[in-house]
Amino acid sequence: MNAVEFISKARRGEIDLKRFYRQLFSKLHDINDKYECFITICRDEALKQLKNLPRGRLYGLPVSVKDALCTKGIKTTAGSRILGDYTPPFDSTAVARIKAEGGVIIGKTCMDEFGFGGFSTNCAYKVPKNPHDLERSCGGSSGGAGCITSVLDEPHIAIGESTGGSITSPASFCGVCGFTPTYGRVSRYGLIDYANSLDKIGPMAKTVREIALMLKVISGHDLKDQTSRMEKVPDYARTGSVKGLRIGIPREYFKDVPDDISNTVWKAVKELESMGARVKNVSLKTTKYSLPAYYVTAMCEASTNLARLCGMRYSLEAPLKGNFNEYFSKIRSKGFGQEAKRRIILGTYARMSGYRDKYYLQALKVRTLIIRDFKQAFKTCDLLAAPSMPVIAPRFDEIEKLSPLENYLMDILTVAPNLAGIPMLSVPCGKVNGLPVGLHLMADHLEEQKLINAGVAYHG
Amino acid sequence: MAEPKTIIGLETHVQLNTNTKLFCNCPTTGLDKPNTRVCDVCLGFPGTKPRFNRMVLEKAVAVALALNCKFNKLMPWARKSYFYPDMSKNYQITQYDVPLAYNGYLMLDFEGRKKRIRIRRVHIEEDPARIIHVGGSIMKADYVQVDYNRSGIPLIEVVTEPDLSSPAEARAYLNKLISILEHLGVYDAANFVLRSDGNVNVAGTKRAEVKNISGVKTVEKAMAYEVTRHRNLLRRGAALKQETRHYNPKTGLTHSLRVKETEEEYGYIIDPDLSWIKLSNELISRVRKSLPELPDERAKRFIKDYKLNVEQAGTLINDKSLADFFEECLKKHNPLLIAKWIVTELMKSLNYHSISLRESGVTVKGFLELFSLMDDGIITSRMAKELVKDYVDLKKTPKQLVRAKGLKRISRAEDLLSTIKKVIKNNSSAVRDYKSGQGRALHFLIGQVMKETGGQAEPGKVRELIKKSLK
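Chains as they are written, first to last, in my numbering: chain W, 1 to 460; chain H, 461 to 931.
Below, simulated DSS-like cross-link-like pairs (lysine-lysine); rule was C-alpha separation at most 30 Å, straight line: (1) K671/H / K321/W; (2) K738/H / K375/W; (3) K379/W / K738/H; (4) K574/H / K671/H.
Label pairs and their computed distance ranges (CB to CB): (5) G84/W / D602/H: 27 to 33 Å; (6) E621/H / I345/W: 34 to 40 Å; (7) L320/W / N811/H: 42 to 48 Å; (8) K533/H / A100/W: 36 to 42 Å; (9) A100/W / V594/H: 41 to 47 Å; (10) G84/W / S716/H: 37 to 43 Å; (11) S674/H / H221/W: 37 to 43 Å; (12) K533/H / Q376/W: 24 to 30 Å; (13) V594/H / G84/W: 25 to 31 Å.
These aren't lab readings, by the way, just hints derived from the structure by calculation. Heads up, the beta-carbon is just placed ideally off N, CA and C, and yes, glycines get one too.
Using the sequences and the hints given, assemble the complete structure.
Right, dumping it as structure tokens:
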């Protein structure tokens, strides 16, 4: 039973939600022992929610939330030790909207600390295991969300968040659907920032129909986030058709991808073509500049965002000794993981006077060119199709051997559309060596409906 | 040897009197109880986002127009990063690469000369929290307490070019700036604070920046101390370093906070949480049309309509409350008389106590009592001068004072003659001088009578009676 069917049944009173949830939570604890996908499971809060549940679009549906989104009264760590005991006094807008439509928050999912990583191995608490092979990564940074979406048989939708590919990567590695909306389509209020100009909240689910349902709920303008889009949110039609859709294949996105993955994706493209889509080749010439532009921008923003975490107003504390600089340093040395420290140092460096022009401002200019490149492509295409990731889920021992740069290279296919702020959808399209491969579909700003149409047609 | 030339530039932070803060809905007033005017946003909780209070824009545009600035039309917000306990996010949201306005000027009347003080830029930013140093000054405190009520109050920063050439001129500039802000109705001295950073050097020395000086007179004192310090260092040939200093108003001294090797490092980036400010020509012209009368125009009007002299008009418009006070009084009395009494007598007392009109408690109604007391012949103008002084000193209105002191004017011959006889008897040499034709002796004798009567005698009558007695 998928989420859509479950909600209609629940609304008709055909499901005993209390019993359903008691069983669900005992199962979730077992799942978590095996896969480590949750930082926090919030059974008591969920059962409390049931007592007065609005009969909305998500009535009774279990929803998991990436631990980067603030949840009122529920511990929110963003995967970091420095927020180890932080309980926000408010709900993020996305969570508030889910609750208002009767969605039930079941837990906070594992992630790389503040989203800094592609394998969820940079988490201060747990490392989620890939349901297809426990020795392998779930991807990241929304790894816990991909994991629980894949492993849970009960109806459920996950809320993930992407800065440079953090929804697409776990969707691809775990074999589920992951949707990254247009930048600003979903309010970021209450999202613990990684890089504010890039962060996007989006749903992950087994089917695209479920994603369309959730997308409607969480999207829309929010007075609390000035960067949220004003445009009205359509009722996303959940019917699938690709008839007449022009799908562009950017050649740069297949260049460094192993043949087995590339062939799997091509097979999916052919299938779309056989369903009535028109396929054509396009070129996105700025692709090769996207990785440095992304990392400079993201690290500059991240290093300022993390400044507020200094042990003064909330969370991690220590006995007061020395001056404020010494105290802040002590807390931050203790509270941040290695990757967070690396990004703070790199990001601070790239915005210092003398380097600011060369790195930070240059990255902003490159970003403008990348956006222009995509806009040009969308003049002749409705969608772009590419592999979601250049690899299948790697083993943890392989990940350990990667240098930071090799790590960052995993994002080569996802950072450009993330920089452009365009919506994108990863759907499972087959397997290589028994592990899932993702088809990545990208559309122009606010063209979420086209992605849903193609996704439903291809995958359901 | 002539003293080396003094060069001063000021960066002045003005709290704008909006109802709510710059990036959240917290009120900007009622700040007395610490940490009661705060929310998730101005405390910088993780996940919160700022939202721009557009009321600030109109007020800031008005200021920039009054300072004759040019405008930028599309502006990002910037994050200015540094770690300090008063910063809820450890970065301040401000304008950096593209300020709201630039290349303006303020016309200063100083020591009888007009001088154009160039304004480098005007920009909007948020105020950090207030720090209370517990157990002493910034240098000596054991620890600090932080009050976030101030965190996020809108500020505009007005930056001059280094055009000020003395501490007194710096003070005059600030007074004029405040008068402009008060005329615009964007600043309210009773509830909001003005703080300046003063950059100072004398020819041949390295610049020192004195941070965060509250008020106006304090700026003059801090700058004066710095000028002296720089001159002394120069005389001793001591090496001067570029540095940041703190002024302690209790001791009147400045202390070095840190030596600057280079410009400070703030790692500015565009704040990606806020959309760019789009400043439309419509908004600028709407604000321009609704600009109230500004101090310089008001001075011109005072000169033209009320025939005041330049100095009187200049003194009045330099303090909005004083100019308002003047115009309020005009409903009853003639402008020249009122202006003379305000500018010479009232100002003398206010300046003596170093207080503003508002602080003095002098009201229009109370001040006008002086004139009705004079008109009714109850007091002399000499008594009136005393009453102005007592009004400010004792905070009692002229009528209350007259009642309390039992003052009255003495003009009847029978009340004055005995005193006059006494004075003539005791000052025989002056009487001789008068009789030999020395006019000054008469003034002396009148003065003696005035003294004997505690200033209550009507001088004209005394003159008449003395002349008659000595005929």
